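> For reference, the chains in residue letters:
Number of protein chains: 2
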Amino acid sequence: MSGHVVVLSGGLDSTVCMALAAAAGGTAPLALTFDYGQRHRTELDRAAGVAGHYAAEHLVVHFDATAWGGSSLTDRSRPVPLGGTEGGIPSTYVPARNSIFLAVALGVAEARELDDVWIGVNAIDYSGYPDCRPAFVDAFRAVAATGQRRGVEGNPVAIRAPLIERTKAEIVALGRSYRAPLELTWSCYAGGERPCGACDACLLRARGFAEAGVADPALG
Amino acid sequence: MSGHVVVLSGGLDSTVCMALAAAAGGTAPLALTFDYGQRHRTELDRAAGVAGHYAAEHLVVHFDATAWGGSSLTDRSRPVPLGGTEGGIPSTYVPARNSIFLAVALGVAEARELDDVWIGVNAIDYSGYPDCRPAFVDAFRAVAATGQRRGVEGNPVAIRAPLIERTKAEIVALGRSYRAPLELTWSCYAGGERPCGACDACLLRARGFAEAGVADPALG
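Sequences listed follow chains A and B, in order.
So the first sequence is numbered by my numbering: it starts at 19 and just counts up by one.
So the second sequence is numbered by my numbering: it starts at 19 and just counts up by one.
Please keep in mind that the hints were generated in silico from the structure rather than gathered at the bench.
Remember, predicted model here, so these are calculated numbers, not experimental data.
One should not assume that every hint holds.
To be verified - Taking CB as the label site, the calculated pair distances span:
#	chain 1	residue 1	chain 2	residue 2	range
1	A	P97	B	G209	27 to 33 Å
2	A	G44	B	G172	39 to 45 Å
3	B	A153	A	R225	20 to 26 Å
4	A	S195	B	E75	47 to 53 Å
5	B	S20	A	D82	23 to 29 Å
6	B	P235	A	P97	23 to 29 Å
Beta carbons are placed, not taken as given, at the ideal position from N, Cα and C, and that holds for glycine.
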């Protein structure tokens, strides 16, 4: 048996990750999406669309991160910064978000007897979130090795972060070569009906498509 | 400012942990409880009672671990084993439970600007869960150091596991000396209205009180 859990937000990176996992063989990846009270709820519908594209089981886990806040993505009283990176870690950082995502993903993988967890974190063209960097992913691999039955048995759930050292342009190119449904994806943080074009996520995405020399199929 | 997050299940160990955190100074600890679909839902009321005893804010985070299962505590079709330890990791093991708890706790601590997270894990008189052992807690400390803004800034959220190498009898004695409200606690996994006396959690608890030479105030 071979199978994969993919942490799928419905954004560009996680959708390319889904394409890579689907191409890695085994059963259709299980797509794992989190409804945590994020401002940009459109991504939940996009994730469902991407999961449908791959005929994947789509597990949506709900938890309410607005109960503790600490981020402009979960606290509606804080504006999402527009117009470029602020320097340092921006206010859109959600405390421990990828830790929560990976912890649940490890639990799902073990319960469902799936081999590995794929996550589309990227530490090159990114917003500076600490939980997108290789040191963080390595720390979580140690969690899988020490904190789970599978780890103790010598067969830990693997964590795959195939995009972590790719540029955004490379991710766009990779997505195209693997026929990822990039037209279904959503990156904007601002919470509007169309991408704002000005938040960090929009700017990073636009630069990636521009550097890859292709039009963004999700626009226009 | 000094403040603490305590992962509080309403059981014996986490309640003693609450007492230790309350005695450590600062504001009243924030009690963090998880409603994850556990069979033994009585513990949620007990946790509320313990939080109330300490006049602590009680944050209950809901997520539905029955959606993926993998444990007799979250899958009603699997019986809770009775009559002593099975050898190895028992079926009551919930995949990645403490990883999820600690990940959320780290997020809450960072968002609320609290110093540390306390968790009552124990690797001596325990059921053999891998996520109760020192190596696991150390791995999660590396997650806090690498994956959070606070870690990057050189002031990671600390994870305190003061009971990890205590016997259950020592935990009972510690709870008594710190005036923890042990009479409010609940350990049984079986999901009945009274402790079953036969599941791992009941047996470990009974042995702890017996070895400490005191009656369990939650019984009778």
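> Against the range 20 to 26 Å, how does the distance between the Cβ atoms of A153 of chain B and R225 of chain A compare: consistent or not?
violated, 42 Å
> At the C-beta level, are G44 of chain A and G172 of chain B separated by a distance inside 39 to 45 Å?
holds, 42 Å
> The hint says 47 to 53 Å between S195 of chain A and E75 of chain B; measuring C-beta to C-beta, is that right?
holds, 51 Å
> Look at the Cβ atoms of S20 of chain B and D82 of chain A and judge whether their distance stays inside 23 to 29 Å.
holds, 27 Å
> Indicate whether the distance between the beta carbons of P97 of chain A and G209 of chain B respects the range 27 to 33 Å.
Once the Cβ atoms are compared, 46 Å apart, the range 27 to 33 Å for G209 of chain B and P97 of chain A is violated.
> That 23 to 29 Å hint for P235 of chain B and P97 of chain A (C-beta), does it hold up?
At 52 Å between Cβs, range violated.
Taken one by one, the earlier hints fail for this structure at numbers 1, 3, 6, listed in ascending order.
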